[in-house]
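> One-letter residues, chain by chain:
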Amino acid sequence: MAIFSVYVVNKAGGLIYQLDSYAPRAEAEKTFSYPLDLLLKLHDERVLVAFGQRDGIRVGHAVLAINGMDVNGKYTADGKEVLEYLSNPTNYPVSIRFGRPRLTSNEKLMLASMFHSLFAIGSQLSPEQGSSGIEILETDTFKLHCFQTLTGIKFVVLADPRQAGIDSLLRKIYEIYSDFALKNPFYSLEMPIRCELFDQNLKLALEVAEKAGTFGPGS
Amino acid sequence: MTVHNLYLFDRNGVCLHYSEWHRKKQAGIPKEEEYKLMYGMLFSIRSFVSKMSPLDMKDGFLAFQTSRYKLHYYETPTGIKVVMNTDLGVGPIRDVLHHIYSALYVELVVKNPLCPLGQTVQSELFRSRLDSYVRSLPFFSARAG
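Residue numbers (the working numbering), protein chains in the order written: chain A, 1 to 219; chain B, 1 to 145.
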């Protein structure tokens, strides 16, 4: 049970606010000797596991740290290229931490505008008259809830499938947006929201919603 | 409760079968274009969902709903996609979509040597059995027949 993240998308499909509110998930750290018995591949500027799923390391996981040193994209924190470093036998044994790749801010922007278009296509393909766009999208690991205001702003919340009370949370976020972003004289419409009060109140609302959400049967 | 329509896609995006029951609004584009748009949307949703997910996924995308309809999605490991649009009152129907795949598509199309794979299903038997199966579903509305 949890609320994973919040996105605010303006009417043009641009991401104007994003918040992640979950702790890092289970990650697997293991010490390897040469040669590495995993196949790593460069994909989207990240080093991903392409083959050799084992011990909690799954295909699609990214290299997050080498010998305790964080990895940013395809480079380690001290500027060495990951694939090159791991292909050198003298660097072994080496301890590598794997986990689900975290989204970069660029990817978040891209995903937000992607959702904006999916929302529009969802209403175009409707078999019924007068349908809105996607309001709830269900998967086995999370549920995405979207609320579009009359002015075209979309509030998107990613939550656990069993988390209840998201509808009222979306209305509450709209209220917080109206009170602390729109009424802020320094905020310009359609632009990224950088308002401290908005941040504080949103985090508060998320906490309240997480605690108040009751669970249906099967949880 | 009603069933609006049903799409069956193969892994290359070819629409193998389409049928509709209570569909009140057409998309306003030729059917071929509509299939492409639907497949394209599902393809994007799949990649969207796998990037957004905070945890590792098993089944992935299951369904979405708008204010007027609900789209149910089921994909087999071979990439066959079964998509059913119903109204909002219908709960999870994974087993129904799985039945359409395993008991109708596999039995009547895959095992039928006269049905070439990868193109629109011509089998009259498949069509009529699918139609009667969907009509027999508990959430298929009786009011419009």
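Accuracy of the hints is not assured; some may be wrong.
Below, a list of computed lysine to aspartate or glutamate pairs in the EDC-like style, where the Cα atoms sit at most 20 Å apart [stated by the list, open to error]:
(1) 58/B <-> 55/A
(2) 51/B <-> 140/A
(3) 51/B <-> 20/A
These are computed hints drawn from the structure, not numbers from a lab.
> Determine which of the earlier numbered hints do not hold for this structure and return their numbers in increasing order.
Hint check: nothing fails, all pass.
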